[in-house]
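*Asks:* Can you build the whole structure from these sequences, using the hints too?
Number of protein chains: 2
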Amino acid sequence: MPSPPPAWVQALKPSGPQGSELLAKEREQSNVAVNALAELLHTKKTLERQKELVQVLQSEKVFDKSQSQSLGRVDRLQSALRKGKRLQQLSVERKWSLEEYHAAAGLLGEPTPYALHASMFLVTLREQSNPEQRKLFLERAEKYEIIGCYAQTELGHGSNVRGLETTATWNPEDKTFTLHSPALTASKWWIGSLGRTANHAVVMAQLYIGNKNFGPHPFVVQIRDLETHQPLENVYVGDIGPKFGYNTMDNGFLLFNNLKIPHISMLSRFSRIDPETNKYVRPAIPTLVYGTMTWVRANIVLDAGSVLARGVTIATRYCAVRRQFQDRDADSNAGETQVLNYKMVQVRLLPLLASMYALHFTGRGMMKLYQENQSRMNGATQPGQDSRSPGPEALRAGADLLADLHATSCGLKALASTTAGEGLEVCRRACGGHGYSSYSGIGPWYSDYLPTLTWEGDNYMLTQQVARYLLKAARAVLAGKGTSNDTSQILQSYLARRDKGASFDILEVDSELVAAFAWRTAHLTFEALKHRDVEKRSWNSLLVDFWRLSTAHSQYLVVKNFYEAVSSPELASFVDVATADVLRKLFRLYALYTLEREAADFYASGAVTVRQITLTRTKAVLALLDDIRPHAVSLVDAWQIPDWVLDSSLGRSDGKVYEDLFRRASQENPVNDLVFDPYPWNEGPLKKPASKL
Amino acid sequence: MPSPPPAWVQALKPSGPQGSELLAKEREQSNVAVNALAELLHTKKTLERQKELVQVLQSEKVFDKSQSQSLGRVDRLQSALRKGKRLQQLSVERKWSLEEYHAAAGLLGEPTPYALHASMFLVTLREQSNPEQRKLFLERAEKYEIIGCYAQTELGHGSNVRGLETTATWNPEDKTFTLHSPALTASKWWIGSLGRTANHAVVMAQLYIGNKNFGPHPFVVQIRDLETHQPLENVYVGDIGPKFGYNTMDNGFLLFNNLKIPHISMLSRFSRIDPETNKYVRPAIPTLVYGTMTWVRANIVLDAGSVLARGVTIATRYCAVRRQFQDRDADSNAGETQVLNYKMVQVRLLPLLASMYALHFTGRGMMKLYQENQSRMNGATQPGQDSRSPGPEALRAGADLLADLHATSCGLKALASTTAGEGLEVCRRACGGHGYSSYSGIGPWYSDYLPTLTWEGDNYMLTQQVARYLLKAARAVLAGKGTSNDTSQILQSYLARRDKGASFDILEVDSELVAAFAWRTAHLTFEALKHRDVEKRSWNSLLVDFWRLSTAHSQYLVVKNFYEAVSSPELASFVDVATADVLRKLFRLYALYTLEREAADFYASGAVTVRQITLTRTKAVLALLDDIRPHAVSLVDAWQIPDWVLDSSLGRSDGKVYEDLFRRASQENPVNDLVFDPYPWNEGPLKKPASKL
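Heads up: the protein sequence lines correspond to chains X and W, in order.
Residue numbers are given in UniProt numbering: position 618 of the first sequence equals residue 618, and the series is strictly consecutive.
Residue numbers are given in UniProt numbering: position 477 of the second sequence equals residue 477, and the series is strictly consecutive.
Because the hints were derived from the structure by calculation, they are not lab data.
Model, not experiment: these values are computed from the prediction.
Hints may contain errors.
[What the hints assert, rightly or not] Label pairs and their calculated CB-CB ranges:
id	chain 1	residue 1	chain 2	residue 2	range
1	W	Lys536	X	Ala479	56 to 62 Å
2	X	Asp499	W	Val509	33 to 39 Å
3	W	Trp8	X	Arg162	25 to 31 Å
[Said to hold, decoys possible] Listed next, the in silico SDA-like pairs over lysine to any residue satisfying Cα-Cα at most 20 Å (straight line):
id	chain 1	residue 1	chain 2	residue 2
4	W	Lys13	X	Lys95
5	X	Lys13	W	Ala183
6	X	Lys95	W	Tyr679
7	W	Lys61	X	Asp327
8	W	Lys472	X	Asp329
9	X	Lys13	W	Thr167
10	X	Lys536	W	Leu615
11	W	Lys65	W	Gly109
12	W	Lys536	X	Arg328
13	W	Lys13	X	Leu164
14	W	Lys25	W	Leu615
15	X	Lys619	W	Ala528
16	W	Lys536	X	Asp327
From the three backbone atoms N, C-alpha and C, an ideal C-beta is built for every residue, glycine too.
*Replies:* See below:
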């Protein structure tokens, strides 16, 4: 690394006022109860755990982040594997719970090549193994004696799982399966931890018995030698190459050439092949995939708040430190204005600040609903519950709610991850030129997050599921078969009131604002239903309408969840009136800003008047920006993202933005060890200065 | 690099229909005259030159791109310097014109460390040197005996040039300047080619004579030794570190500690210091910055079309090759549908296809106007013109037009670069999972393009200039002092017709569509004027309105330029009626899709009715998508971006998408040379397989 700068450089300070002074002022001027709010958001326990874990990680050199963005893929991958190994060692040494292990992995700031072993491989083995398989695969995997991955997606098939081409054919004669890749497009692709790390894989393949296809099923397959780590015969496996992000992960490809695997390879907790009769045995109990996927998506929604919070924290703090130009209307001695004072900056950042709170509370609301419902449906199976089984009516209501949650989770996953992904890029640009530096901390985070918009259901594809569900619910309501769930209710109230019209008082009454969003969803649902059922339009011609409908419905859910969170009695037990008031304003900003952006929908549905929309834009939103501005830094402080995790010169909690940018560029940047021969007629570049060039 | 795959893998093909067959069908089904259209877009001469240059570049191993995305920054920078050197050698060997050199550099696909030397350093020396300086600096720079850069931006100041902190103080006693960085924030920052390459810099510094500040002026300063390439004393210089993109460029920092430089260092074509009197001498002729910046921005608009075309070409071809799911309404033997047939994909890609044409024609329209006006104003100074000087009236009209062009170029630069940057990300996501692979070719291109949204005027900042100009024009029109330029005219027609209302026939008459966009601009201008002049609202509170106004005005200009291009007689001389008809539909798609997205504005201004907007969305846009779909591949083919330039598996013109993804991953990916020790209890990773792990 480069030698330290000369004394005259070390003596230089940024011109005043200093970033630390500006942030101190920001914190003084706000009466938001930062710590109490932090505990409301994350719980005291989680915050304390985070502090401890960061201390552990920060003290180990292997977790150093300073070179990550300068390294090539080979070096990054090796460094990430070292991090993954050390994390696993720490986990054993310190007897971390699974939750603690995952919390620590999350704090690292980048995925490691163990990530898919530690998540999907273990989870699938846990959920889908029979007792014998648990012993053979799961127990060894938990001890990292075998390392695995989850191989579903193929080169030719991502979204359409039923179209997978890999086959597993049952051989009755020797009680084995033949695993085969009949085409190049059958190659497994994008499989995390597969490229260089895993020696086992759960492979999703079309199960064939005779000529009959029983659809995709999971098989545990050894793919590399446990001693030499070389691929087994008739297995071709490798890494799929550099990516837009996620370059610390060895996403891989995998092909099979008529590989024989034993009967035990097929994960058989649910369905299996009876080796005696050579018959397929259907699942005894229905798979719980429905619920698991809802849970995964609820987590993406909750995480989206925190993902976005990183960008907003960085941009808000930096825009409070950065000063540029004088306000045109200010007197000429005022000095340069903090960038955060400009309305054009506020209108980009503060709605995102509101969004991160909105998504967080929405994710939490979904989880709560999901858990309550699960407990109710499982009856006695949950600890601490009385032992009566739920009656058939309770089960029906539970299943109805779960179906509702499942559908809404699809739309919310799409909205939340799109908001977070695109929001991060807005934050990056709000930082001006320095946002483009890796030291901003936003770019790398954004690049690594983007796959979330595509995986667990592509964000555009998912909206069809939401529309399908809403159309079904609307048909039920029209047939007088509405249920008590929320979707059914908003459709019913719309029908009851449609002829009278709406005229919600969105500017004065918060609950009316929620009602306006519900109205818009219902309006778009019945419009779409008319197109499909009455006008008999093709599904394809309605995809754009369905996407709009799903977005509208998901925005309604976020507004509703945020409203419930800021109106809940729980709030008052955590924070004082002043803080609660600011949260309420964040809710209003989220709702009104969204309404204004989607004005055409709201107007066309008759939920609001053009006059109300004009007032929203020209008065209400601007006033809320003014009201929230003084609390902006406190509101991101409350998220309590440690500096080590942010890994950002611009977002440092102490405001020493310029010092840190300069220190990293001059001291941690391996490029500055190079000496170029700059003349085109010489064959450069030189590693060391020549005496004569 | 990894060894070739075994025979059984080499025998595999993608499952059919093959990509090459699908693209062949696409090309068959369209009657667009691809080659004629290509010549209309680029001219035959440019296309031929491109072909020749690509042949030259492709044949030299130094320009190989296959490892770029896998390398770390140190290696990428060294490889880029080698490319820059070889390009300069070729330029001399083959006697390239300056235009050919820049065309070749553009085809490389990444900037080299010479980029700022070859552009801003040489341009500044050319434009601002006096004869003695031309000899001393320019002539040597052109021969690459000295290598330079252009050092304006500082750590603490980007947009606000007047706030720069670096000082150059005149020393009357020894006729020198003292160059000094008084604070850390004065460090030059982001300076391309400075970090490791340049030995000279044009430094913008506040000129002081005595205690009087004469504002920022350019100084040519030697910063590194010409033989050892080590920084000179009292100069601290280096690379600023890794970035979101542009990592083949050594953007640098630079600090001075009271460095003395001679009188000749100050570039003195316009203003200078008289060393006898120690007095500042004002420019004899006004600087032409106004025109140059307009020219630079017109180029950004023109380039934006081609930048976007790369993403659209890749996504369109891939979505024609990729098949996923069956159409829900199709019969069950239909097989999977080409992704490009889905309306949700079309509505994302085809408006961008229209945009790339729209931006291209707009950029060309601006350039033409600019050149015509320059010729007229320069009179005899242009070759091939008659020798009469223009009269005072012609000069006044020319200045008026130039002012209009300058302001509109600001707004268009913002709109065009935002459209291209964000459009590339839309293209990437439309490619589904594989869009995330670097082999898609979109990600690296997007990352390198993003700075364009910030430099040459931040896209949000620029909108203030547009608004300021429009307000001024509106005040003039209200005072009866309108001119004959277009802006003045659309404001006047709005005033003349405002009371009667508009009701443009946007769905039937193309010129009315243009008029509706003009109407909206005029409406928003007078609204903003009322807020500022009548309601006396603060400038800051209006920034969001100004941004909307600038966007609206720029969209009008794009629609107008596109309309003029598809209505021009020139079109008929290049392409047949069928092709012209498709271009006309692209124009309508661009205009109607934009109108629908900005519906609230159009409705509020009274330009259209709600009914028209509904029809636009539910009928007109969908019908245009249907009409354009069969020509999509031909319309991107017409852009004629060579495969070597696209550097994309997904966008290959032969449709061999999966073969190429697989080849690159398995054969060009250095990660596959690694053998990991996957067990956390060992200290890995191993470079070679151990006999026992």
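*Asks:* Now tell me, hint by hint, if it's right for this structure.
*Replies:* To see whether the hints hold, each was checked on the structure:
As the Cβ distance of W:Lys536 to X:Ala479 is approximately 59 Å, the hint placing it in 56 to 62 Å holds. A beta carbon spacing of about 37 Å between X:Asp499 and W:Val509 agrees with the range 33 to 39 Å that was offered as a hint. Evaluation of the 25 to 31 Å hint for W:Trp8 and X:Arg162 yields a pass: the beta carbon distance comes to about 26 Å. Taking the CA atoms of W:Lys13 and X:Lys95, the gap is about 49 Å. The hint is violated against a cut of 20 Å.
Restraint check: the Cα-Cα separation between X:Lys13 and W:Ala183 comes to about 5 Å, which is no more than 20 Å; the hinted pair holds. Proximity of X:Lys95 to W:Tyr679 is assessed by CA-CA distance (about 19 Å); at most 20 Å being required, the pair is judged to hold. Between the alpha carbons of W:Lys61 and X:Asp327 the distance comes to roughly 54 Å, so the proposed pair goes past 20 Å and is violated. A C-alpha spacing of about 17 Å is found between W:Lys472 and X:Asp329, which places the hinted pair at or below 20 Å, so the restraint holds.
In summary, the hint linking X:Lys13 to W:Thr167 is supported, as the alpha carbons are separated by about 16 Å, within the 20 Å threshold. Taking the CA atoms of X:Lys536 and W:Leu615, the gap is near 18 Å; set against the 20 Å cutoff, the hint holds. Distance hint between W:Lys65 and W:Gly109 is fulfilled; the C-alpha atoms sit about 9 Å from each other, no more than 20 Å. For the given pair, W:Lys536 sits about 13 Å from X:Arg328 by alpha-carbon distance, which is consistent with the 20 Å threshold.
For the proposed pair W:Lys13 and X:Leu164, the alpha carbon gap of about 15 Å is at most 20 Å, so the pair holds. For the hint pairing W:Lys25 with W:Leu615, the CA-to-CA distance comes to about 32 Å; that exceeds 20 Å, so the pair is violated. Taken as a hint, the X:Lys619 and W:Ala528 pair is honoured in the structure, with Cα atoms around 14 Å apart against an allowance of 20 Å. For the hint pairing W:Lys536 with X:Asp327, the CA-to-CA distance comes to about 15 Å; that is within 20 Å, so the pair holds.
Violated hints, listed in ascending order, are 4, 7, 14; each of the other numbered hints is respected by the structure.
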